[in-house]
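J.: Given next are the chains, with one letter for each unit.
Number of protein chains: 6
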Amino acid sequence: MATKLHGGFFHSTLRKLQEQNVQIHPHNLMYPLFLVENDDAVQPIPSMPRISRLGINEAKKHLEPLVADGLESILLFGVIETLPKDSNGSSADSKENPVIRALPKLREWFPNLLIACDVCLCPYTDHGHCGIMNETGIDNEASIRRLADISISYALAGAHIVAPSDMMDNRIGAIKQALISHGLEKKVSLLSYAVKFASSFYGPFRDAAKSAPSFGDRRCYQLPSGSKGLAARAAQRDVEEGADMLMVKPGLPYLDIVRQTKDMFPNFPLFVYHVSGEYAMLHHAAANGALNFEAALKEVLTSMRRAGADCIITYYTPQILALIKAKSL
Amino acid sequence: MATKLHGGFFHSTLRKLQEQNVQIHPHNLMYPLFLVENDDAVQPIPSMPRISRLGINEAKKHLEPLVADGLESILLFGVIETLPKDSNGSSADSKENPVIRALPKLREWFPNLLIACDVCLCPYTDHGHCGIMNETGIDNEASIRRLADISISYALAGAHIVAPSDMMDNRIGAIKQALISHGLEKKVSLLSYAVKFASSFYGPFRDAAKSAPSFGDRRCYQLPSGSKGLAARAAQRDVEEGADMLMVKPGLPYLDIVRQTKDMFPNFPLFVYHVSGEYAMLHHAAANGALNFEAALKEVLTSMRRAGADCIITYYTPQILALIKAKSL
Amino acid sequence: MATKLHGGFFHSTLRKLQEQNVQIHPHNLMYPLFLVENDDAVQPIPSMPRISRLGINEAKKHLEPLVADGLESILLFGVIETLPKDSNGSSADSKENPVIRALPKLREWFPNLLIACDVCLCPYTDHGHCGIMNETGIDNEASIRRLADISISYALAGAHIVAPSDMMDNRIGAIKQALISHGLEKKVSLLSYAVKFASSFYGPFRDAAKSAPSFGDRRCYQLPSGSKGLAARAAQRDVEEGADMLMVKPGLPYLDIVRQTKDMFPNFPLFVYHVSGEYAMLHHAAANGALNFEAALKEVLTSMRRAGADCIITYYTPQILALIKAKSL
Amino acid sequence: MATKLHGGFFHSTLRKLQEQNVQIHPHNLMYPLFLVENDDAVQPIPSMPRISRLGINEAKKHLEPLVADGLESILLFGVIETLPKDSNGSSADSKENPVIRALPKLREWFPNLLIACDVCLCPYTDHGHCGIMNETGIDNEASIRRLADISISYALAGAHIVAPSDMMDNRIGAIKQALISHGLEKKVSLLSYAVKFASSFYGPFRDAAKSAPSFGDRRCYQLPSGSKGLAARAAQRDVEEGADMLMVKPGLPYLDIVRQTKDMFPNFPLFVYHVSGEYAMLHHAAANGALNFEAALKEVLTSMRRAGADCIITYYTPQILALIKAKSL
Amino acid sequence: MATKLHGGFFHSTLRKLQEQNVQIHPHNLMYPLFLVENDDAVQPIPSMPRISRLGINEAKKHLEPLVADGLESILLFGVIETLPKDSNGSSADSKENPVIRALPKLREWFPNLLIACDVCLCPYTDHGHCGIMNETGIDNEASIRRLADISISYALAGAHIVAPSDMMDNRIGAIKQALISHGLEKKVSLLSYAVKFASSFYGPFRDAAKSAPSFGDRRCYQLPSGSKGLAARAAQRDVEEGADMLMVKPGLPYLDIVRQTKDMFPNFPLFVYHVSGEYAMLHHAAANGALNFEAALKEVLTSMRRAGADCIITYYTPQILALIKAKSL
Amino acid sequence: MATKLHGGFFHSTLRKLQEQNVQIHPHNLMYPLFLVENDDAVQPIPSMPRISRLGINEAKKHLEPLVADGLESILLFGVIETLPKDSNGSSADSKENPVIRALPKLREWFPNLLIACDVCLCPYTDHGHCGIMNETGIDNEASIRRLADISISYALAGAHIVAPSDMMDNRIGAIKQALISHGLEKKVSLLSYAVKFASSFYGPFRDAAKSAPSFGDRRCYQLPSGSKGLAARAAQRDVEEGADMLMVKPGLPYLDIVRQTKDMFPNFPLFVYHVSGEYAMLHHAAANGALNFEAALKEVLTSMRRAGADCIITYYTPQILALIKAKSL
Ligand SMILES: [Zn+2]
Ligand SMILES: [Zn+2]
Ligand SMILES: [Zn+2]
Ligand SMILES: [Zn+2]
Ligand SMILES: [Zn+2]
Ligand SMILES: [Zn+2]
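Protein chains in written order, with my numbering: chain A, 1 to 329; chain B, 330 to 658; chain C, 659 to 987; chain D, 988 to 1316; chain E, 1317 to 1645; chain F, 1646 to 1974.
I should point out that these hints are in silico values taken from the structure, not numbers from a laboratory.
Straight-line Cα separation of at most 30 Å, DSSO-like style, residue types lysine-lysine; simulated pairs: (1) K983(C) with K719(C); (2) K1314(D) with K844(C); (3) K654(B) with K16(A); (4) K105(A) with K95(A); (5) K1332(E) with K1750(F).
Over the 12 Å line for every Cβ pair with chain B, so calculated as not near, a few chain E residues: (6) H1327; (7) P1362; (8) E1412; (9) G1499.
Covered, in the sense of this in silico footprint (three residues per stretch, anywhere, with C-beta under 8 Å from a C-beta of chain F), are these stretches of chain D: (10) 1184 to 1195; (11) 1230 to 1241; (12) 1245 to 1259; (13) 1265 to 1272; (14) 1277 to 1284; (15) 1287 to 1299.
Since the structure is predicted, the reported quantities are computational estimates derived from the model, not experimental observations. Just so it is clear, CB atoms sit at the ideal spot from N, CA and C, and this is done for glycine as well.
Generate the whole structure from the sequences, applying the supplied hints.
T.: Structure below.
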């Protein structure tokens, strides 16, 4: 019937009853931050226009207006330049690690801010891979023990959330067990990069995190992009091992997987990582006049929420907070 | 794992991400009102403590503080005492009908209030049944034509929503077609009492609406309480015929049917009628000290929302608005 | 099409093919019984009209006509008055415990009766909580070991079913493991109170079981009423730990959860506890003339079965057996 | 856990709670009967050992002991030998048609027996196809009008169920409309051969019904065996057009389709036709010692019920009633 | 278990059993072509680098190598420059329309090529909207009659598929009925742009098709991007009205909707339109070094197939056919 | 609408888009082979016409033309006549076991052939049961340790797949753990007879495998045919314990279970065993003229694929490869 879609929308109370849970509130955003050793550094990242690596003092200046505008959570990545890289990734949780040093300060400066830390070895190993290597490749058992240790260090330093990004089997169980052993399991959430695909959209990020591997190619255990079955089994495994929250990465090319993951685990908050290549596509297409930036950004965010994302990790967080403030979102 | 349910709840931002869409906002409530002919009447209903039938002037006084407290929608029932009852239910849409007379005034007094009208013949027929009778019982074709006419009268008088409560086959199609013929299909919503069970919990209502049948027993086409299959097919039928919104009635003993209906039709706002017998159970159990009234009321509302209700039609609306205002809900 | 619901029902063979598995047979009922130390006691419970705590000799008299009328299963609760309450709940499985003493007699007197025992610490601890306390609250590990010990005592005394009602994490796994260690896993069923909500409908029961806590409020690990997600995860956990059968409690305000649980675990018998507050609502509403008792009771039972309950635990079991006997159900 | 499947089955009340709705009661069986013109004929069918075409007097003798053993329903096929076959299938509903003649007698002799009539043209057309032909093939519109007329004739002669077996588009709507026009829609059920596959298992039936086409091959609109999608769309179409009950045919090679159809339409009784080729496979394999007949028959029936069949149409009905009587089923 | 994902993949036969239906074959691609009046024109489109509008003679030259490389289907858009635009869109099906003129030639030149035609009014109306306007906006009834007429013209000129892109209610039913009236329903497929969102990714296309509206903004009845519910209801409506195949548009930001649509209608081939804005994002990001073009294109195609697309309509078809030919896809 | 099923099929590219994944390719077939001790033996099996037990030299001759015709995988069963049977089934993995001896040769002769080995004790125990017995029956723990040992022996001898057919609880976990301990978990697949019903269709097989038990009746832990619930729980258990692939056995009477299993575990290759009794039914019915053998065989294969089978284990493999070769399948 020609009109049947329109009889239920004409009054504001009716529209509230039709709402579909796709709005963007500040708690639906998580802002990634690259922290460097030099506390006063500001290092622009060429492949990610408008994004810089920051020292903790500059991070404070950068975050203050955003927190004032409603920012509720951040995701920290450490980037080292002078600290040593070795086979064990020792700098991942040394006292000088920029994330370890920043956590107590951030907790003090921004007492309500929810702080997550990416947990991986690749920024700290001399070979640039995400685990400990032995003669036949990655040593899974040694790697997950190491990741559990690093997670505990971040938790003790003040992280609310630890987020292992490596995709190795069983690291969720290992970290959860370590949290329990330290009595931290009710004070620290475990956010799993459960469904992380091997993707061509990560290029600029490796530039930002200085984490390209020195040899080899496809790193870690990332999923092949055609396999929705492995995506389902990976999420299932991490839930069974104790993940509190799940992530799908990248975003736009995997919205069907976002839907699948939310449908399988409706009771677990779902994060989507709007990755650097997606950031770049939007930027360059708008810069070349092919898209209206603001309209396209809104559409992308709405689409991620519609597909099932509870929280979007995005470099565009400052722009989005400004749109919320201006009530144009 | 002993702790796996607790790692994701300890920070307020995390709790926002775990929200389950069970809060009660004013737009989740619809308040039923019984309107009588005498504009200044206040007629307490013995079987429903604290509820009265009202004349339009008293209704205005009664509604003003509620609208001030946030009330967003009401559901009108007409009750006649001196107007004639006949086989055709002529008083249902005569100029003197209390609902017809009240609609323009209510629209003027409360311009943002969403106003629904119950549509049925039983309060206006001399036999008290919901349709036009012929020698073999209810004449379905004649009845649905009559219901369509009454719906148009209410719509033209100012109703935003017409809500046929009779459960006769095909009355949704008949009313929708009439709305289209009058160019009203985008200005008037059709809320179907799609899943209305024959229930022992309606007793006090019949007292309120003065609508007990003069002969016969099980009125109209109400569904047998054991049949989830017929409930599914009735909702399906009404959606196919053009319903904009659906209702399940009663509430508490049919929460599984609320879930079933919302799962089948997630894109249609779902109403639940918290009926008079449920009102009485809560009242009398609390009055006898077996329940804490406020705690039990909150639990019932939460349960209805959890089961899938978008809007709850309840006589307790004033008390709930007060709880919302006091931020205790 | 107006008639499409009616063409398949006019012949008795057709109606059999349309049956929806909502009838009440005796095996669909479980009758709760409160046993006290004094074998000849009859203690009426003021907040639950017509229900009494009984000594075992009176229980025998009470059960004999019911078993003759078809009663197939009971659920035993122990209530102590002179036996000591301590921090370890020692009286839960002492030789003098009324349940321990009653089991061999009941097995002898009623050889075909299926006997379940509620397993919890709260009736036997001096603080009235469901577990063993340490300085920071409930000690989960110590508590589940204690619950496993009690379960074995009941099993050895003759219980067919042990039913832990505490909702602590992992007590199902602990009890199942204990049953296996004692070679009892094929002779004793484990019925989990898997989905037990913190509810305002438990008030009269605490009176009956003399189990109100001496301090603190919301006891144990009961679920928040708005969370269907936690309900799903709790049932999943218990199934994975070895539960043979599941329970949802309370009944009427959680029929959507009954449906959800049955849909998730169609192959596990599902029990619904029609709790004391529900008992009271029906009683008082009928006593005040707002409901027809028998019609409302039938509707409630039918609704529970329709929602997916295989067995209903209800204080109205005697009245229902009488209705079955009179072929009016 | 090794024992987790066994803890819930050891007591008879527990087993009742585990029942899975796969038993065979008499109302789960429908017995096909081939009726010929000569009232006293008994014509054995060579390709279906132990099955004969019968005249009505012999049918009476054959049915009497079966009805005594509990037989509840039959399905009638007419077979003509001397009556004329023409392009219009005129003998399908002439007064001399053996089904038309038998219906009033069967209703009188067996007043509680539910009687269904197969409705098709192929036994009565000179070309042996299921519809009216025009120059380009089957004339769909003319065919469904003819099928509606025949259905009315059978209904007026006493059939409780009319069962069109032709699979032409829209014949369900046409017959339903005709039933409504004659005021028969609440007295006659419409059982659609909704999901009938083109199958190699129909061979012996064509012998029984003398209905092999004189030219052409794949008759009517039967579905290709690989297409579960068309099976779903065909059932959907017939439900929308007003079918009261659905059939899948054949049985064993299509049990997944039985499941799919029952899952899609849980509220419509589902019939499965255990066809002549299946009858033959069981017979010959048992006769050659490869199978135990009784065990295999029970397994097949159980499998059909497990897959979702409410009623099984089978030539083995007499043997099954005997097994029920002997309590060995 | 660390290794559980790897035990089933090590042998080529095992990998075949794990295949996930995500490969790209030529029949999974449809190539859009903009046809202009001047048969020898080649008009590059500035906002879509490497894409040109073509006259039919140039189209022939352009298609010949692609068909040789395996191209199986194309989608035609007409673009007019000198032909008149009027309120009725008369040039849409005039004899001079470039699509009407091209169809017989394309059928002759490429006898195995499957040819689809976009059907809309916006390229031919003077106001640039997709329908016939009356004083209050779009006249739905008049518009769908006009669209049905145009569809018949294209079908008679040789189109295998007509693809209405306007999203007006009921145009699928109107076109299907027209096809049936002309005896074309088994020779012409109806591909519905059933799920077409109002999107910011259409900009360059409007340049290509010269179809920006002269006034007003959001054209036609396109869906709001947040509403998965309306997407479901729109697809349902078109299936019920007779669509043979469905489309979702745009692609990447709506992959969850692709999944939803395929899950709802698994038996209908699903097309995804990889739109001009997506084309531009990939192009500009690669041109600026942020992405590897070939890797990103493959990932996007794989993602669309994984989400449920049977056929991808993409401007990159020539590059993909080259990759298939080089066996690098 | 009469024609709505036909508008999408008329062009070969359209038909490719409608494909339903039901074709039979060689990788969809697995051929069972019974190997005896005498390398040159050919022992016809009376109850399975045309099938023989073979010595390895005869097996080579038998397989060569089949591999040439495309055969991709086989399933080996060992049958012993002179080797000892004892309580431990020692001959199952002795050096003289015909399967152990054949594996290296088959790997050498047919380097691309995928080779699976049935793993069970029943052909090798003196009592003919599938496990190690103790005084109370089967000793589950001892049995699964023994099965794990045998699996390792077969794996080391060259098996690509080990397929335990015994249905004992937890043998999948035991075998997987053993494979991991030997570093074989990425080189050997674990195919679980996860859903194996106690069936009357196994008779001829026991003749072929000489494995009828010497006492007792229903062997091992096979499932009751009426229980789809236990079938679901058995598959779930095996997936959780590490199965790489699943099997349903028998085929035709359990196609609904095939569907259920594939729906639950879409990402695990699903095998169906077309068992000896099914083989016999088809053979004898065709031999007696009741069925066309080739048409019925094709229909059965298509039905198994449609129900969800990725691979069919069938004694008819040679005939099917011939049909594929002749392009008549
Ligand atoms: Zn890494
Ligand atoms: Zn009424
Ligand atoms: Zn307790
Ligand atoms: Zn026929
Ligand atoms: Zn347009
Ligand atoms: Zn065995």
